[in-house]
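Given next are the chains, with one letter for each unit.
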Amino acid sequence: MALRGGALLNVRDLSIRFGGIVALDRVSFSVPEGAIAGLIGPNGAGKTTLFNCLSRLYRPSEGTILFDGRPLLAAPRHRIAALGIGRTFQNLALFRSMSVLDNVRIGGHCRMRAGFLAHALALPRAEREEAALLEQVRLLIDLLDLGPVAERPVGALPFGTQKRVELARALVTRPRLLLLDEPAGGLNHEEVDQLRTRIRDIRDRLGVTVLLVEHHMNLVMTVSDQVVALDFGRIIADGTPAEVQGDAAVVRAYLGTPAA
Amino acid sequence: MTAILEVSGLVAGYGAAPVLHGLDFAVPQGGVATILGANGAGKTTTLRAVSGLIRPAGEIRFAGERIDRLSTEDIARRGIAHVPDGRGTFVHLSVEENLRLGAYTRRDPAGVARDFERVFALFPVLQERRRQQAGTLSGGEQQMLAISRALMLRPRLLLMDEPSFGLAPLIVREIFRIMRAINAEEGVAILLVEQNAGLALELASQAYLLETGRVVVAGSADALGADDAVRRSYLGY
Amino acid sequence: MTAPSARQWKVAGLALLLLFACALPFLVSSYRTFQLTSALSYAIALLGLNILTGWNGQISLGHGAFYAIGAYVAAILMDRWDVPYWATIPAAGLVCLGAGFLFGLPALRLEGLYLALATFALALATPQLLKSKHLEQWTGGVQGIVIMKPDPPFGLPLDQDQWLYFFALAVALAMFWLARNLLAGRIGRALVAIREHPTAAEAMGIDIAFYKSATFGVSAMFTGIAGALGAIVIQFVAPDSFTLFLSITLLVGIVVGGLASLSGAVWGALFIQFIPNVADQISKAAPWAIYGLFLIACMYLMPTGVAGLVRATAARLARSPRRP
Amino acid sequence: AAQKKYSPGASDSEIKVGNINPYSGPASAYGAIGKAIGAYFAKINDEGGINGRKITYITLDDGYSPPKAVEQTRRLVEQDQVLLVFQSLGTPSNTAIQKYLNGRKVPQLFVATGATKWGDPKGHPWTMGWQPNYQTEARIYARYLLENKPDAKVALLYQNDDYGKDYLKGFKDGLGAKASMIVAEASYEVTDPTIDSQMVTLKASGADTFFNITTPKFAAQAIRKAHDIDWKPLHFLNNVSNSVGSVLTPAGLDKAVGLVSSYYLKDPTDPQWADDPGYKDWLAWMKKYNPDGNLTDTFNVFGYSAAQTLVQVLKQCGDDLTRENVMKQAASLKGLSQPMLLPGVKINTGPDDFYPIEQMQLMRFNGKTWELFGTPIGG
Amino acid sequence: MEAFLHQVLSGLATGGIYAIVALALVMIYQATHLVNFAQGEMAMFSTYLAWTMIDAGLPYWGAFAGTVALSFALGIAIERIVIRPVGNAPVLAVVIVFIGLLVILNSVAGWIYTYTIKSFPSPFPGGSVLGGYLSRHELGVMGVTLGVLLLLFLFFRFTPLGLAMRAAAQNPVSSRLVGIRVGWMLALGWGLAAAIGAVAGMMVAPIVFLDPNMMAGILLYGFAGALLGGIDNPAGAVAGGLAVGVLENLSGAYLVGTELKLTVALVLIVGVLVVRPSGLFGRVLVNRV
Ligand SMILES: Nc1ncnc2c1ncn2[C@@H]1O[C@H](COP(=O)(O)OP(=O)(O)OP(=O)(O)O)[C@@H](O)[C@H]1O
Ligand SMILES: Nc1ncnc2c1ncn2[C@@H]1O[C@H](COP(=O)(O)OP(=O)(O)OP(=O)(O)O)[C@@H](O)[C@H]1O
Ligand SMILES: [Mg+2]
Ligand SMILES: [Mg+2]
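Chains as they are written, first to last, in the numbering used here: chain G, 1157 to 1416; chain C, 37 to 273; chain W, 2 to 325; chain E, 2 to 380; chain Z, 12 to 300.
There could be a bad hint or two in this list.
As the list claims (entries may be wrong) - For lysine-lysine, the following BS3-like pairs were computed, each having C-alpha atoms within a straight-line distance of at most 27 Å: (1) E:K233 with E:K123; (2) E:K179 with E:K154; (3) W:K134 with E:K154; (4) E:K123 with Z:K129; (5) E:K100 with W:K134.
Keep in mind that the hints were calculated from the coordinates and are not lab data.
Isolated chain G, as found in the complex (with noise of 0.2 Å):
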């Protein structure tokens, strides 16, 4: 394990309510830069809340989060990619009617300057950051094996394909922190394994660091440096994999004891 300096994300007292329900409990954990971490916990433990309070879709009643030591509640939604974090959804949030190429490069969004009026105008400035978008999202695509439905609307895509146009849209905004929910869903084993390797090559490779919730157990106890379980919106559990695997509590809640 070859971590790279100190804590990307820190995560300190985090709390959210949604009526009576408490979907976190002051949850604390960092992630150190360059680490692949992955979250487990049952059904309904937070995750996916968890990572709608770090893409500030949801406001947490308490509690900080720092990313590269900067407190990320501060900063509107729409710079939080741009700050260097992407994600990935649990169910999917691509725009449905737009083909693979131009849903991949709406992640470049965040990264571009050129305005209406530069657009409008056709300036050479916007000419030229299409051009270098283009040539970015076509080496991604690519390495995501996108390129025989690149001109498809995404909306009629198998699952697994639309999970790998989120995968390549996220990683178009240049993030430093990757956030994927669930990506392994519906996917087979070997697409599975497909994925290991991609999620590697992408911590190795470009240098993010990776935030993973999932439930196939295979995938997030091979990959991971750090694993954190969360179960009642509370941690149970934060350490390595083989710890946390053997962790009694998580065991009772999530994993179970393996049928006989």
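Fit chains C, W, E and Z with the ligands to the known structure of chain G by using the hints.
Relative to the frame of chain G, chains C, W, E and Z with the ligands by itself:
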């Protein structure tokens, strides 16, 4: 062995080009069949064709009668419940209303009340959240709701599209236990599409392997489980 | 030598179309020329509304208001300050850009039906404000403002109608060029993204608040420019010219023409300009019943508008010959 | 015989007359006028036409929208090549087309609006009104008030458009120095569902006189509402809405007792004309040529009478059917009386007088019919 | 003070007619998730049918029942014939069909019945109550509105059909999967909305008089009222309708004068909606990711 669902020469798709190119398969009376296949192979499309969400060509027989010309609602009324991919939650209705809709076609209030108890016993979280807007449930909770809604129909045949999707390991095992139970105790037949091929093959008696809209391997679940190619890509050993 | 690419075909087609458009006023009567000029101004207005509704997904039932503001800006400038007619076009555009942006700010919080209501309210309130005694000294109150029709400049051998047609054509070409550029790249993608999935759009770094208001502004600018052009063509503005009906007509135009389609604006303009007259020809007794039937028939036959139908047909034609 | 002279739209066999009317939209009730005119021309044609020429009547819908009016007028003039545009309806629409028609020297004859601006031979020599203008009528009420109730406290309800404002102006001008008699004003929009709130406000002002400047539907509402809230002012009703059949009857005849209004046409629903020959002719015409038309609708009298005036002008033109001569003849109607104009009301025009009808007679409603009182008076 | 009270009362009276129109809009919204812009013209047309029946000599209540039944059938017919073919078209295409329907109904009514206003009888005849500022009819309208509200409330809250109808509007695919006949739900929704619309028309006509344009303004206010109260909440819609009536009166009487009262009322409504984007009593629906 008679089949409750018999499909032959199934061709279906979206728009001009078909996705399925002539499938033949069957679900035995009171049995479990599973369809395996890679991403985009056409598993979901197959289930959609069976429940009439897309118009198929070919022949689909349920309990001996042709249903391939019937509307989805009539197919449901004959006792086929479908847990769709993506869960199909009525996101703006409450959990309880979602469940009540599951029992929409039933006329036995007492039985419905019992089934409410049953699904609440299976998934206590649904009982806690009965008044919550269903769309705000977590992904896994919604999956539980989708399964419960299908059970509320008291089906004779259950079409399950990746029931384990997004569920915690503990719950996945629980779901498979439930499927086994209703299959064994109530004789509900199940057509299962599932990525967790190991579990699926364990539960099913019949298995079909789909590749780009064609059945490439068919046979007993055990035989398929022993097949090398299947093992490598679907079971991982 | 290679066969011409799709792009080259397109350029050639557009050039041919432009040539045809330039020849038109010499081929038809000045009454028809006048109608075509007014259709051009509608096309610009529809383009504006389409940017907002078709691309960005914000439904406006009140774009007649911006059309009215543009028209009044032009009329007041010409009437009060003798500003030359061509200079009123950018002025109307700027005023509407501001008005649209400001309206877009509160409208941000409203979606779907609620936005429809707010824009509806705008369409209703605008004629009332134009009549209001507080503004009467500028707007002429209920009487409206009569303005002069421009003569062709530089001694061009054109009559007034022909000149205005070419003037409108030039403005329209410029506006379509701007719209095409704007929508082709980053901005256009952001607009569609907001329409398709606002949450995801925001997560990708799109500032929804700004984009929605700015789109409102841009859209109002296009429509305002169209209004100014329309006022110059009609030579008269009055509150009664800009009722709710105009706003509804504009909405009809973009849907019949084709949502989120540049050419749809042209189709839509031709529809709203000419179909009421056709309906009137068919039945004097209940012309609007005929018009209504036309509308319904259009939606049956082309639910995605004329542009959608053209696109689908073109796609089919492009596909079929290659099939063995 | 004088040599035949023609402008576009006229020939040995035909005279083309154009018209625009709101057959759709908020003002579609006025569409009845356009249809009545056509029905009258049909009768003239059946009787042999005018000096042997048939009238071809082309009437187009403008939906009460000025831009549409411009388009339709250009079509009439340029495409259909009409000799003249007749009875184009509505102040906004006529304002929109006035410049065009005058520029082209096409008669814009007997426009169907009571705005005051149509009688301006110097500025717009090709435009002429027909009916008494709104200001004239309003001045008649003002004069009546000054003479009979000098200490009145007046409340006004008007439609917020040029029609309403014209009345308002005429009334204030008529009161002159005593305009302070007006203690309350309220307006409404044609899109308003009701004017109940306005009526309550006006009553609360303590006014004892009410000038009701509203179109038929709102007039009926106002009459009923005044009764319902037990407000019994001296109630002036503008003649736009004084039809017994289509306003007072729906409102309730008992609620209309004592209303004061004025008219220059005969109300077809007023029993006092039952045996009048002019009325009987009108009725016969309605039955034969306008069978779908509403017998209680004064618009059918209006269109009939206006068409009669045009027929008179065209007759006078003889074989000189140039646009210049049409205007010349229109401006030389002297003491013309027509069967459905009130007795004593005459049509008079001259080179400097582009207001054909300038007399009206005051009348009071007795629960069954309007009782005329006084003599026809000008503003 | 007295004048103020009277403004409020007459505002409530007018608001009563907005409220009942708002209810018809809520009905169609619940069943289709669309606002039917032709609703007003449908109500107008129904009222003409009632007028024709009464004119032909039918007693009021006979005509009333006949009209409600006929309108229900016509609503179903319109759904089946006009709306069904665009069932899968984009929302705005359906809106255009509504507009087409609107102009057709308006134009045909004008053609058949002319544009001259007609008086329409009230089932609650007689003079005024409450110091003369509310007529018995206006009071009756409120009673009818509350009655319809109660029925709607019970229907949506307690009947499986009501639930199925809401489900069908929200998620047709899942509805089919549980056996709901989605097509019929839509048709039924149209039928019920048309029936309520007919009641609304027959309540409105005695106040504003019957003519083809009678509902144009009212529909707008009804729409505003329904949204102000919350389009998914019948009780909210009624409250919203009443509030719009009062608001409009008060702003006309005390704020800006009659000239701009509509403008001000609308600005206030939109202002409220900006603060409460799902209306005063509407449920805040969350779409989460
Ligand atoms: N907007 C909301 N309104 C109400 N409750 C909510 C909302 N968002 C989340 N919750 C509740 O918070 C809890 C946590 O949900 P969350 O989606 O974070 O779970 P999760 O850990 O991602 O579960 P899963 O593994 O099933 O996706 C759930 O019980 C859910 O019902
Ligand atoms: N709504 C749709 N419109 C057009 N094409 C579709 C649609 N849904 C699926 N397809 C196409 O049909 C094919 C089969 O899809 P299907 O969803 O049946 O696959 P699957 O086997 O269920 O895969 P997954 O594992 O992703 O669920 C895919 O190529 C997909 O692109
Ligand atoms: Mg989750
Ligand atoms: Mg699938």
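Going through the hints against the structure:
Restraint check: the Cα-Cα separation between K233 (chain E) and K123 (chain E) comes to about 45 Å, which exceeds 27 Å; the hinted pair is violated. A threshold of 27 Å between alpha carbons decides the hint, and for K179 (chain E) with K154 (chain E) the separation of about 11 Å falls inside it, so the pair holds. With a CA separation close to 24 Å, the supplied pair K134 (chain W) and K154 (chain E) stays within the 27 Å bound. Between K123 (chain E) and K129 (chain Z) the alpha-carbon distance is near 44 Å, which puts this suggested pair outside the 27 Å criterion.
For the hint linking K100 (chain E) to K134 (chain W), the alpha-carbon distance of about 25 Å falls within 27 Å, and the restraint holds.
Checked against the numbered hints listed earlier, the structure breaks hints 1 and 4; every other hint is satisfied.
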